[in-house]
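Read top to bottom, the protein sequences are chains A and B.
Counting from 1, position 110 in the first sequence corresponds to residue 110 in the working numbering; the numbering is continuous, with no gaps.
Counting from 1, position 74 in the second sequence corresponds to residue 74 in the working numbering; the numbering is continuous, with no gaps.
No lab work stands behind these hints, which were simulated from the structure alone.
Be aware that a few hints might be false.
[What the hints assert, rightly or not] In silico lysine-lysine, DSBU-like type, Cα no more than 30 Å apart, as pairs:
#1 Lys54(B) / Lys89(A)
#2 Lys144(A) / Lys32(A)
#3 Lys32(A) / Lys121(A)
#4 Lys89(A) / Lys57(A)
#5 Lys113(A) / Lys83(A)
#6 Lys57(A) / Lys15(B)
#7 Lys57(A) / Lys132(B)
#8 Lys144(A) / Lys31(B)
#9 Lys31(B) / Lys70(A)
#10 Lys102(B) / Lys108(A)
#11 Lys92(B) / Lys82(A)
#12 Lys83(A) / Lys132(B)
#13 Lys154(A) / Lys102(B)
#14 Lys92(B) / Lys10(B)
#15 Lys77(B) / Lys63(A)
#16 Lys33(A) / Lys113(A)
#17 Lys144(A) / Lys10(B)
#18 Lys15(B) / Lys83(A)
#19 Lys63(A) / Lys102(B)
#20 Lys77(B) / Lys108(A)
#21 Lys54(B) / Lys113(A)
#22 Lys144(A) / Lys77(B)
#23 Lys125(B) / Lys63(A)
#24 Lys15(B) / Lys63(A)
#25 Lys57(A) / Lys102(B)
#26 Lys121(A) / Lys63(A)
#27 Lys132(B) / Lys77(B)
#28 Lys83(A) / Lys144(A)
#29 Lys63(A) / Lys54(B)
#30 Lys92(B) / Lys63(A)
#31 Lys89(A) / Lys15(B)
#32 Lys82(A) / Lys15(B)
#33 Lys31(B) / Lys10(B)
#34 Lys63(A) / Lys113(A)
#35 Lys15(B) / Lys92(B)
#36 Lys125(B) / Lys57(A)
Note that the coordinates shown come from a computational prediction; the quantities given were computed from them, not determined experimentally.
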Amino acid sequence: MDDGTDILFDLLHFEIVNWTDRAHSEEKDKDKKDEDLSNLEYIGFSTGYRLIERLTKEMPRFKDELDTMKFICTDFWSAVYKKQIDNLKTNHNGVYVLQDNNFRFLSKMSNGKQYLEAAPKYVAFTCGIIRGSLSNLNIHCVVKAEVQSLPSCKFHIQIQRT
Amino acid sequence: MAVCAAIVGKDNSPKYFCCINPDEELSYQYKVLSSLDIIEERLNPANKNASESKELFLGHLYSLETCKLYGYVTNTKIKLIIVVNAMNLTLKDNDIRSMFQKIHSEYADMVSNPFYIPGEPITSKLFDSTIKGIITGTV
């Protein structure tokens, strides 16, 4: 179903990435680059936080953490990225690894190692969206992304227990 | 028709309160806040028979001489409470359930509003009038 509405999200996301990137493009300072990524991550966080209220509206109450993660991998991922997570791994002790073999924001780039160093800024928003959603579901966590070869991507979710 | 609706945040702080008769607002606030303990109890995973149902609608919480209270908790742990007059026998559980679903929808729209910061009390006039419409049964 390609009626032009799907591509809008991609384009908007690319523009946001460009915009945060351009703010400090002149500077070689690594701190500033990290700041850009954390801005991007924060945009994702507040998007996820607001979005999850709507997506869980019709859902029955989640039984436990794993149940919530399954929701993220299936319904949530389909709603945002039009596909499901390809692989979910967990050590049953607060660490979850979500693997997407054809991640939407990376799928438009040529495969291989050429653009590997540009990848972090295209996954920061998604890290934020996951963190924001889980945080509104009362699961506080740290999300890291790992890109080994385009266009696949792994998200490591580490639950913070207090 | 219900007489009062309230939204309580995940940290049990009041987010929104709406009462058809403004004179009784304070007394309803007491009733609503005292029902939070019952909601907590129903959600407690250790309490077997209560936590079995996975529905968001908790049903009837408790009754007082003058009113009945119903609860609903979203997946994000936002608590919605509706107070119905005890004399009102026309409202069935299903009516209350659909009322909650409408309020939940409105709340989800509210959270998507960029001018609303999640976690703050809701002050929107439009939201207020919509919720009043829902509980009086005009929407």
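### Task
Take a quick look at whether lysine 63(A) and lysine 113(A) sit within 30 Å of each other, Cα to Cα.
violated, 41 Å
### Task
Decide if the proposed pair is consistent with the structure: lysine 102(B) and lysine 108(A), CA atoms, cutoff 30 Å inclusive.
Violated - the C-alpha atoms of lysine 108(A) and lysine 102(B) are around 40 Å apart, more than 30 Å.
### Task
Starting from lysine 121(A), check that the Cα of lysine 63(A) is at most 30 Å away, please.
Cα-Cα ~34 Å, so violated.
### Query
Straight-line Cα separation of lysine 83(A) and lysine 132(B) no greater than 30 Å?
Violated, at roughly 39 Å.
### Query
Given the hint that lysine 113(A) pairs with lysine 83(A), does the C-alpha gap stay at or below 30 Å?
Distance ~24 Å between lysine 113(A) and lysine 83(A) Cα, so the pair holds.
### Message
For lysine 33(A) and lysine 113(A), compute the direct alpha-carbon distance and say whether it is at most 30 Å.
### Response
Answer holds: lysine 33(A) to lysine 113(A) is near 21 Å, not above 30 Å.
### Message
Does lysine 10(B) sit within 30 Å of lysine 92(B), going by the straight-line distance between their CA atoms?
### Response
holds, 27 Å
### Message
Between the alpha carbons of lysine 144(A) and lysine 10(B), is the straight-line distance 30 Å or under?
### Response
Holds, at roughly 26 Å.
### Message
Between the alpha carbons of lysine 92(B) and lysine 63(A), is the straight-line distance 30 Å or under?
### Response
OK: lysine 92(B) and lysine 63(A) at ~28 Å, within 30 Å.
### Query
Regarding the pair lysine 83(A) and lysine 144(A), is the alpha-carbon distance no greater than 30 Å?
holds, 20 Å
### Task
Compare the distance between the alpha carbons of lysine 54(B) and lysine 113(A) with 30 Å, and conclude whether the hinted pair is satisfied.
Between lysine 54(B) and lysine 113(A) the Cα gap is close to 47 Å, so the pair fails against 30 Å, i.e. violated.
### Message
Would the hint linking lysine 89(A) and lysine 15(B) be met if the CA-CA limit is 30 Å?
### Response
violated, 38 Å
Of the numbered hints listed earlier, those contradicted by the structure are 8, 9, 10, 11, 12, 13, 18, 20, 21, 23, 26, 31, 32 and 34.
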